[in-house]
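Asker: Taken in order, these protein sequences are the chains called X and V. Counted the way the numbering used here counts, the first sequence spans residues 1 to 283. Counted the way the numbering used here counts, the second sequence spans residues 1 to 268.
Hints listed in this document are in silico derivations from the structure and should not be mistaken for laboratory results. The beta carbon of each residue, even a glycine, is placed where N, CA and C say it ideally should be. Incorrect hints may have been included.
To be verified - Within a straight-line C-alpha distance of at most 16 Å, the following computed EDC-like cross-link-like pairs (lysine to aspartate or glutamate) qualify:
#, chain 1, residue 1, chain 2, residue 2
1, X, K202, X, D226
2, V, K43, X, D128
3, X, K223, X, D243
4, V, K43, X, E125
5, X, K223, X, D205
6, V, K180, V, E89
To be verified - Pulled a few chain X residues facing chain V out of the computed Cβ check, cut under 10 Å:
#, residue
7, M42
8, R46
9, Q105
10, D128
11, L129
12, M133
13, F252
14, Q255
15, G259
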Amino acid sequence: MSPTPPARSTASFDRRRTTAVELDGVTFGYDRTRQILTGISMTIPRGQVVAIMGGSGCGKTTILRLIGGQLRPRAGRIMVAGQSVPDLDRDGLFALRREVGMLFQFGALFTDLSVFENVAFPLREHTDLSEDMIRDLVLMKLNGVGLRGAAPLATGALSGGMARRVALARAIALDPMLVMYDEPFAGLDPISLGIVGQLIRKLNDALGITSVVVTHDVYESLKIVDYLYFVSDGRIVAQGTPDAVRASRDPFVRQFVDGQADGPVPFHVAAAPLDTAFALDVR
Amino acid sequence: MSASAIADGLRRVGGGTRRAISRLGFAARFALAVLLHSPEGLKRIRLTLREIYFSGVLSLVIILVSGLFVGMVLALQGYDVLQRYGASESLGILVSLSLVRELGPVVAGLLFASRAGSAITAEIGLMKATEQLSAMEMMAVDPLARVVAPRFWGGVISMPLLAALFSTLGVYGAYLVGVKLIGIDAGAFWGNMQSVVDFRADIVNGIIKSAVFGVIVSLIAVFEGYDAAPTAEGVSRATTRTVVASSLSILAADFVLTVFMFRGVGVV
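Start from the sequences, fold in the hints, and give me the full structure.
Answerer: In C-alpha cells:
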C-alpha cells in the first residue's frame with residue numbers, strides 16, 4: 001500500500017527546490033527473475049549537469065525511464081521537484097512530463113514532420129499560443145542550437161548530429177525544469193560530439209535547468225558535467241566530481257576511464273572452465 | 001516416448017496457449033483503449049483526414065484497377081455459363097449481385113489489408129522502433145490519441161468507400177465486356193440489374209460488410225504495429241501478421257455475416 005495518496009492532476013512541481021531529482025533505494029526489474037537495478041540512490045541538485053555512466057545494458061536508460069514515470073520501481077522512492085513520481089496518476093504523470101524534456105538516443109524526431117514542426121509539436125499540443133508566437137519561439141529554440149536555417153528541412157535530410165540538436169531544441173521547447181539525455185553522444189563525429197556537449201552545458205546554464213546525461217562517453221562527459229555516477233550491474237559502484245574521478249584509484253573507475261579490456265568488468269563472460277569446455281585431460 | 005518428453009510437449013502447448021490467450025486479452029484491452037481515446041483523436045480532425053488520404057486515396061489505383069478487371073473476368077465467365085441456358089441477358093444481375101454482396105467487400109478488404117493495413121503496421125512499428133512513440137509519451141502526448149486513433153478511423157472510414165468504388169468499377173468492367181465486347185443488349189443488362197438488385201438487402205448489407213471489414217483490418221493493423229518488437233525483424237513479422245490475420249479474419253467474418261444477412265436464400 002502506498003504511504004501517501006496518489007497525487008491528482010493538480011500535482012505541482014516546485015522548480016525552486018535545491019534538489020531537482022532524488023532516488024532513494026530504487027530497485028527495478030521487468031520480471032521476478034531478472035533484476036535490472038538494485039538499491040540505486042542518487043541526488044541531483046538543481047542547476048547541475050549530472051552524468052550517469054556505465055557500460056551498455058547496465059540499466060542507465062532504465063533510470064531515466066523511472067524518473068520520467070514510464071516505468072514504476074519495485075521498491076524505493078523517486079522524487080522530482082518534490083513530487084513522488086510512482087504515486088502520480090496518469091494526469092499527474094503528464095503534468096510532470098510537461099516539466100521534463102527528454103532527448104532520446106537517436107533523436108526520435110517525428111519522421112512525418114519537418115524540423116520546424118518537430119520543435120513546434122509540444123507547443124501546439126500543450127499551449128494555445130498564436131501561430132506567430134509559435135513561429136517565433138520555434139525559431140528562437142532552433143537558433144539556440146544553431147539550426148534556424150534548417151527549419152524547413154525534412155528530418156530525413158539531417159545528419160546524426162543535426163538530428164540530435166533538433167531533438168534538443170524540441171526537448172527545451174516548453175522551457176522544462178529538467179532535461180534528460182539518453183546517450184546524446186552515441187554515433188556522432190568529433191565535431192558534432194563537441195557541439196552537442198557544449199550545447200548541453202550552455203543551455204543548462206543559460207536556461208537555469210537541471211540536466212541528467214546518461215552516457216558511456218567518459219571524455220566528453222568529464223568536460224561538461226558537475227558530478228558523475230558510475231553504474232555497473234544495476235548498482236552505483238562509484239561517484240564523484242570530474243576531478244575526483246580523474247584522480248580516483250577505484251578499480252572500476254580506472255577501468256572505465258582508461259578503457260581497460262579486463263578488470264572489475266571481466267573480459268570473458270562467465271563460462272565453464274577451459275578444460276571442461278575443450279574436454280582437456282589436465283594432469 | 002519418455003515421460004519427461006511428454007511433459008515438455010504439454011508444457012510447450014500450455015505455454016503457447018497461455019501466451020495466445022494473454023495476447024488476445026491484450027488486444028481486447030487495446031481495442032477498448034483505442035475507442036476510449038477516439039474522441040480525443042477525432043478532435044485532431046486534420047490527422048484523421050490525412051490518414052483517410054494515406055489509407056483511402058492512395059489505395060485508389062489498386063482498388064479501381066482490380067475492380068475493373070474482376071468485373072471484366074466475371075462477365076466473361078458468367079456469360080460462358082449463362083449463354084448455355086439461354087440466360088445471357090441476366091449477366092447484369094449475376095455480376096452486380098456477386099460484386100455488391102461478396103466480391104466488392106471481400107476483395108476490396110483483402111486488397112486494403114495488403115496495401116493500407118501493412119503500411120499502417122509498418123509505420124507504427126517503425127515509430128516504436130525509433131522511439132518516436134516513447135518521445136511522444138515523454139512529451140505528455142498519448143500515442144493512442146495522436147497516432148493510433150486517427151489511423152484506425154482513417155481505415156474504418158476509407159474501407160466502405162473503397163469497396164463501393166470497387167463494385168462500381170466492377171459493374172462498369174462487366175458492362176464493357178458484356179455489352180460493348182460480347183454484344184448483350186444494354187437495356188437488358190441495366191434493366192435486369194435495376195429490377196433485381198435490392199437496395200436494403202444487397203447494397204446496404206454489402207456496405208455493412210465492408211464497414212465491419214474496415215474495423216477488423218484497421219484494428220489488427222494498429223494493434224500489430226503497436227505491439228511489434230522494436231526491431232527490423234519485429235516490424236517485418238508484425239507486417240506479415242497483419243496481412244495474414246486480416247485476410248483470414250475477413251474471410252471468417254464474411255461467412256458469419258453472410259449467414260445472418262442472406263438467410264432468405266436458403267443458406268440456413
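Asker: Output the numbers, in ascending order, of every earlier hint that fails for this structure.
Answerer: Those not satisfied are hints 7, 8, 10, 11, 12, 13, 14, 15.
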